[in-house]
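*Asks:* As a plain string of letters, each chain reads:
Number of protein chains: 4
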Amino acid sequence: MKFSFKNDYSEGCHPNILQALLQYNLDQQAGYGEDEYSLKAKTLIKEKINNPHSEVFLVSGGTQANLIVISAILKPYQCVISAAPGHILNNETGAIEATGHKILSIETEDGKIKPSDIIPILEGHRNVPHQVMPKLVYISNSTELGTIYQAKELEELSAFCKENKLYLFMDGARLGHGLTAEISDLTLEKVAALTDIFYLGGTKNGALIGEAIIINNPVLQEDFAFNIKQKGALLAKGRLLGIQFMELMKDDLYFDLARHANQQAMKIKNALQNKGIAFLSDTYTNQIFPILNNHLIEVLSENFEFYVWKKVDENLSAIRLITSWSTGDEAVNQFIEIIEREL
Amino acid sequence: MKFSFKNDYSEGCHPNILQALLQYNLDQQAGYGEDEYSLKAKTLIKEKINNPHSEVFLVSGGTQANLIVISAILKPYQCVISAAPGHILNNETGAIEATGHKILSIETEDGKIKPSDIIPILEGHRNVPHQVMPKLVYISNSTELGTIYQAKELEELSAFCKENKLYLFMDGARLGHGLTAEISDLTLEKVAALTDIFYLGGTKNGALIGEAIIINNPVLQEDFAFNIKQKGALLAKGRLLGIQFMELMKDDLYFDLARHANQQAMKIKNALQNKGIAFLSDTYTNQIFPILNNHLIEVLSENFEFYVWKKVDENLSAIRLITSWSTGDEAVNQFIEIIEREL
Amino acid sequence: MKFSFKNDYSEGCHPNILQALLQYNLDQQAGYGEDEYSLKAKTLIKEKINNPHSEVFLVSGGTQANLIVISAILKPYQCVISAAPGHILNNETGAIEATGHKILSIETEDGKIKPSDIIPILEGHRNVPHQVMPKLVYISNSTELGTIYQAKELEELSAFCKENKLYLFMDGARLGHGLTAEISDLTLEKVAALTDIFYLGGTKNGALIGEAIIINNPVLQEDFAFNIKQKGALLAKGRLLGIQFMELMKDDLYFDLARHANQQAMKIKNALQNKGIAFLSDTYTNQIFPILNNHLIEVLSENFEFYVWKKVDENLSAIRLITSWSTGDEAVNQFIEIIEREL
Amino acid sequence: MKFSFKNDYSEGCHPNILQALLQYNLDQQAGYGEDEYSLKAKTLIKEKINNPHSEVFLVSGGTQANLIVISAILKPYQCVISAAPGHILNNETGAIEATGHKILSIETEDGKIKPSDIIPILEGHRNVPHQVMPKLVYISNSTELGTIYQAKELEELSAFCKENKLYLFMDGARLGHGLTAEISDLTLEKVAALTDIFYLGGTKNGALIGEAIIINNPVLQEDFAFNIKQKGALLAKGRLLGIQFMELMKDDLYFDLARHANQQAMKIKNALQNKGIAFLSDTYTNQIFPILNNHLIEVLSENFEFYVWKKVDENLSAIRLITSWSTGDEAVNQFIEIIEREL
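Residue numbers (the working numbering), protein chains in the order written: chain A, 1 to 343; chain B, 1 to 343; chain C, 1 to 343; chain D, 1 to 343.
By construction, these hints were calculated from the structure, which means they are not laboratory data. A couple of the hints might just be wrong.
Put simply, identical chains are the same to the list, so a pair is met inside one copy or across any two.
Under the rule of at most 35 Å between Cα atoms (straight-line distance), these lysine-lysine pairs were calculated in the DSBU-like manner [to be verified]:
1) Lys48 with Lys310
2) Lys40 with Lys2
3) Lys48 with Lys267
4) Lys40 with Lys275
5) Lys162 with Lys267
6) Lys40 with Lys310
All chains, full assembly: derive it from the sequences and hints.
*Replies:* Have a look at this one:
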């Protein structure tokens, strides 16, 4: 079997989680998220974001979190604004539209949204009532291109949204990676203070399943649980989610795992940069997009699995490499060796 | 802590499952249900139903399975027929209607549907195009009242549905319990032969999460996976579902667990019957509804948790007791002892 | 051609409307309901309900009004309460469920809802978040059975809804007939004061198309126009609706037409009562449901069209007779003559 | 009052229609489109398209037609392809997404779609089941930019759609104008032969309301009426739609009205071209987009109403002028006089 850099969900989960599942397995608990572990996990999260008034809900996956949040928040005629590479636009089989809401797309180079990107959309949607009403700004951090929001960027975006009565929603499927990037000056506490709602992704950072939706805006908290149940996302054995987030939140395991994934990617990035390789985007998280020649790509694929992301010209293509909480040194070193041998 | 007879999802999962999760934890696998364990689980299921042409999809929970199946199958103007106690009618926060489909309710004493129950509905819905078109019959086995379908009943219902171009869909959240009831003459193979689509519930029978949707009618198989993704039900780490069903299907563990749950309930049932206690419905599965006097209910609740289901008169109420794959002899014996002491 | 008592929409419209359509035909007007006639019609309606703060929106038909109002008001997990004969439950092809909302049905003899009917529904829906949340009470006046709400009944229902944070919505497809029934002590002004939202039906009272939705609760007024456009109900030539309601509201034409329809029905009712004929329900509006023997029904159907509504026994059935703003004396007298001759 | 060139729905309807409404006003007719006039109108349409197997349904407006057709045809995971200026994308308040379906946008200069525009969309949507499935191509003729499809263009697009199992749906809100453009070589019969489904717009061509949906693909005909009722589009007095289309279809009135509108626009176009004025797009229908200097625009707006469509530079903007079936010579000549005087 070739080692895979295709994604960050190829392995199971962090051993602490399995250990806890074993330990608590036969304890009887209340169903539907009222178990002790879920309550403990929520408490830990609220401590880390330093906001006791936020509410936390645990669901299984990213598409599920996105569709529940968006359909819960918006009125039928309101719509979402997303960067063009946004996961909800491209890789969720129209899950958002299936709940009745249009997504307006913003072309961006780095997968991020600035206030100046939103202004023309607002100006172009004033023909009341003939057009949808833009109401929610959806961003990802880290983004689908591996880039991140810095504190100042998020502050500006948040202020702009408040002024324009737009909700700000952060898809945090890879929030751990975003926040632990070596250049990041953003913190979890700040994310909670600057967004109306966001989620903390477990699936791509050491859990088997699980995303923690955190609602900071009190207006959006009301009756939220109904939406989770109605969309089929309320697990009878909520303990499965509770135990995972309880473990991930203990002693910052969540951030340690993300930092590890980032570091493994950075090792490869540095090795490639030392050889003068260019990248599709300048990333500091667990996704890198080096532009390699066809021959090298072929050699690498004899030993590793990864996606060829985008053809650049006849000789060059960008590949996507993703590392995870469990990517070991061996695979990374072997990859680097081939690079150094071939270049 | 008092022992709980409130439901069959109070504990974690069967130890074999945890063992397998540990064993395969660091193996890299393809995402989204293309992992080896999911493929193996599907193969085992198709062997057990003896139909290689059926298709199997693994999802997380019952409400999720119900809403995906129904919204995938029906055209916008078509509706569902359900017995009045049907889970989709009462305990899913309008999940089916949220996908656009009405549910027509049939009053029944035992939670089961007969062809003669459906005829008046068909006759009452012929004012085309001013009324919804009944198109799918939803049944549960075992039902929400703990009762079961026998082979002859399901054969008649299946034939009626075919004649009337109705789809027959069985909610099998407790199918294991239904099929292993001591009086049941129905088999999994027969269920597959007689329904267009059904699911095999894991959550209430020893899994952490998981229901296996099995599509027997080829017309309903086309493009089904899109619906799973669109509703947020396609787990990135599909291995979590795959490993569970792989283990449950090995050596009939699934049925052994259900049979155990039934037997523990029957022990209590027999003890109560020996004392002349009546029941709300005559069940042979893991749900029993004995009618007890208020004093006895009080005494029992000092030691056990359970739901008081329905007030019968000033002195009597039916309680609901549910046993599970993990209900041990100790709790059952202690419960029986109190009964025998008090009556 | 036999004269038809089948419904109140068999003819075109009141001549005043056609006259106005001719008169204003070539005047250029703004589109989408911003024309002078629509503005005038809305002003007249607000005067008649004596509430300048209500907002008025004109749409084409009853099903359209119902689905727009309900989907605009409710959050995804909220549902409707309706009497069992409610039009939205039986004759709108699941239009409400198609917008995602469940309708809970109340069995009633007279098609009307009392607070005591709603209490058990509220009590039966407290298993948060596993059940839909009842939020809107839908009533019709006159009802689908021809009965009406008196002032006291509506006051009590309105107070109950306020206490329980339920919206009260009146389907007024036949509101003219309800308010002009000889025994009615309810007024249009009172209806507006006691409901959150209601509509004034034109289609069944002299218009070609048209229902005027009137929103009294300011919370429900916000952005309402978006919903009308999104559901395809905003006519480019809104003048068609505006001119009709402008004419109907002038000099109380609307109420004169409804009163005429009621009176024609009452003439027949009286003739039948004089012969000792019983009725399915005691109505004072333009719908009557006399119980006749099969022979008489046969004789009458040689001369008139009407629906046989409900078989009572082997010899007797109730028929439904509906009169309209344009039902002339000749048809009524001829019908009465046959009755008097045959009985 | 200034004469308005803002749109083609500023006036009422063609006098023949009012005459017929008057003539048949008191005839009793069956409701819900079963009236004689609707049946006659449908017969006339089927004769004109020379296809007795097509089915015709009459609804009120364009957004309504679009949302009914698209939601009736597509499965939940299927989506629409539209040119970027498509009405469904920009001016229908998200009506299509509100029924659950995504719209993929194609950038085009002339508002038209070619097979080569669709290929990259198909290629970009093969990540099954993570992306929506493109299934329906939506085109307008004439387009939102006033341009038209020629026979060869539609033949190629139709063939491409068949090969790729895509439905072809033509929004014909201005189909009369498209087909009667002086350069058009397309016929109504050909449109019916080349599309799966299309509609013939009445609202913008002399009717008060009304679009005739024509379904040529038998697969799409099944049970279509249910969708019309469910979306609130089935008028009780279907006669209103029937009479209008009956009159418009008599003696080709429909095409005469459209041709007149086109000719009035062409007179202005020619006058402007004689003065060397450029246009935003090269149109032969009732919409023209001349690029004028700010001074001239100001002078013209003292006498006429029209939209300033797009700023071209500091001195120049394109305006949009729309003529209708009722635009008289006086307004056109006066407009031309100002042009000739000022330039």
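*Asks:* Can you list which hints this structure breaks, lowest number first?
*Replies:* Of the numbered hints, 1, 4, 5 do not hold.
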